[in-house]
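Novice: Residue 70, in my numbering, is where the sequence shown stops; the numbers in between run on with no holes.
Hints listed in this document are in silico derivations from the structure and should not be mistaken for laboratory results.
Computed from a predicted structure; not experimentally measured.
Honestly, I wouldn't trust all of these hints.
[What the hints assert, rightly or not] Below are the SDA-like pairs computed for lysine to any residue, each with C-alpha atoms no more than 25 Å apart in a straight line: (1) Lys25 - Pro42; (2) Lys25 - Tyr41; (3) Lys25 - Gly68; (4) Lys25 - Ala9.
[As the list claims (entries may be wrong)] Pairwise CB distance ranges, derived in the manner of DEER restraints: (5) Leu62 - Gly27: 16 to 26 Å; (6) Ala13 - Gly49: 12 to 22 Å; (7) Glu19 - Tyr64: 20 to 30 Å.
Glycine included, every Cβ here is placed at the ideal spot set by N, Cα and C.
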Amino acid sequence: MSAFEAALGDDWEIVPIVKVGADLSESALAFLRSYPRVDVGTGIQTVPGANNRVALVYTGPGRR
7 MSAFEAALGD DWEIVPIVKV GADLSESALA FLRSYPRVDV GTGIQTVPGA NNRVALVYTG
67 PGRR
C-alpha cells in the first residue's frame, strides 16, 4: 500500500474494491484507514460470514 501511495499523483487516491467478511471487517478497515490516501467509504463491502483462511505449509527450503 505504501508503494501505491508513493506512486500516486497529488490529486489521486486508492479506491479498493473488495468484499470483507464480518469477522475481519473492523481490522481490515482500521488497516486501510492507516493510509491517508485510501478511500475506505466507496468500494469496501462487509459481508456476513467469515473470510477464507489459507495455511501455507513448506516441506523444506527448496519446496516453496
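Novice: Next, verify each hint and record whether it holds.
Specialist: Taking the hints in turn, this is what the structure says about them:
no. : hint                      : verdict
1   : Lys25 - Pro42             : 20 Å, holds
2   : Lys25 - Tyr41             : 19 Å, holds
3   : Lys25 - Gly68             : 35 Å, violated
4   : Lys25 - Ala9              : 22 Å, holds
5   : Leu62 - Gly27: 16 to 26 Å : 20 Å, holds
6   : Ala13 - Gly49: 12 to 22 Å : 19 Å, holds
7   : Glu19 - Tyr64: 20 to 30 Å : 37 Å, violated
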